[in-house]
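When the letters of the sequence shown are read in order and numbered with mature numbering (1 follows the signal peptide of the UniProt record, and there is no 0), they come out as residues -20 to -1, 1 to 59.
Keep in mind the hints are simulated off the structure, nothing from the lab.
Remember, predicted model here, so these are calculated numbers, not experimental data.
In this text, a Cβ means the ideal position worked out from N, Cα and C, and glycines have one as well.
Don't take every hint at face value.
[Claimed, not checked] Straight-line alpha carbon distances no greater than 25 angstroms define the calculated SDA-like cross-link-like pairs of lysine to any residue that follow: (1) K58 to D48; (2) K58 to D29; (3) K58 to L24; (4) K(-17) to C8; (5) K58 to C37; (6) K43 to L24; (7) K58 to S15; (8) K58 to D46; (9) K43 to F22; (10) K58 to A20; (11) K43 to G53; (12) K58 to L25; (13) K43 to R31; (14) K58 to F22; (15) K43 to G27; (16) K58 to N40; (17) K43 to C26.
[Claimed, not checked] Beta-carbon label-pair distances, calculated as ranges: (18) K(-17) to L59: 47 to 53 angstroms; (19) S17 to E52: 23 to 29 angstroms; (20) D29 to C(-19): 16 to 22 angstroms; (21) F36 to K58: 17 to 23 angstroms; (22) L24 to C(-19): 42 to 48 angstroms.
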Amino acid sequence: MCWKPLYVVIFAMMVSLTISAESNVKGCRGTRPVSCSCQAEFNLLCGSDGRTYGNFCYFNCAKMCDPDLRYEGRGRCKL
């Protein structure tokens, strides 16, 4: 019996479970928390990740997934 296919399947399952566990621990989907809800009021600000956020609520939601994120200033981020 060839064990190689079985090892590949087991490895793939372990990687999948590890990725799922990391996502669930942080509660993040990409750079945004799953349970983030903000009002649509615009007060643009720039984050240290180079992204422009609509307001401090959106910025703070992103900060939950990236604790190193810092406020860089008001307005759009400059390229």
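Query raised in the report: Are K(-17) and C8 close enough, with their CA atoms no more than 25 angstroms apart?
Result: Distance of about 34 angstroms is beyond 25 angstroms: violated.
Query raised in the report: Taken at face value, is the distance from the CA of R31 to the CA of K43 at most 25 angstroms?
Result: Holds, at roughly 12 angstroms.
Report task. Sort out whether L25 lies within 25 angstroms of K58, counting only the CA atoms. Result -> holds (11 angstroms)
Query raised in the report: Would the pair K58 and L24 pass a check requiring their Cα atoms to be no farther apart than 25 angstroms?
Result: holds (12 angstroms)
Requested in this report: Go ahead and decide if the range 42 to 48 angstroms is satisfied by the Cβ distance of L24 to C(-19).
Outcome: violated (59 angstroms)
Report task. Given the hint that K43 pairs with G53, test it: the Cα-Cα distance must not exceed 25 angstroms. Result -> holds (15 angstroms)
Requested in this report: Sort out whether F22 lies within 25 angstroms of K58, counting only the CA atoms.
Outcome: Measuring from Cα to Cα gives roughly 18 angstroms; hence the hint holds.
**Report entry** Hinted pair K43 and C26, Cα distance within 25 angstroms
**Finding:** holds (12 angstroms)
Requested in this report: Would you mind confirming whether the straight-line C-alpha gap from K43 to L24 stays at or under 25 angstroms?
Outcome: holds (16 angstroms)
**Report entry** Agreement of K58 and D29 with the hint, judged by alpha carbon distance not exceeding 25 angstroms
**Finding:** Within the cut-off at roughly 12 angstroms; holds.
Requested in this report: Would you mind confirming whether the straight-line C-alpha gap from K43 to F22 stays at or under 25 angstroms?
Outcome: Within the cut-off at roughly 18 angstroms; holds.
**Report entry** 25 angstroms limit on alpha-carbon distance, applied to hinted pair K58 and D48
**Finding:** Cα-Cα ~20 angstroms, so holds.
Hints 4, 7, 20 and 22 from the earlier list are contradicted by this structure; the remaining hints agree with it.
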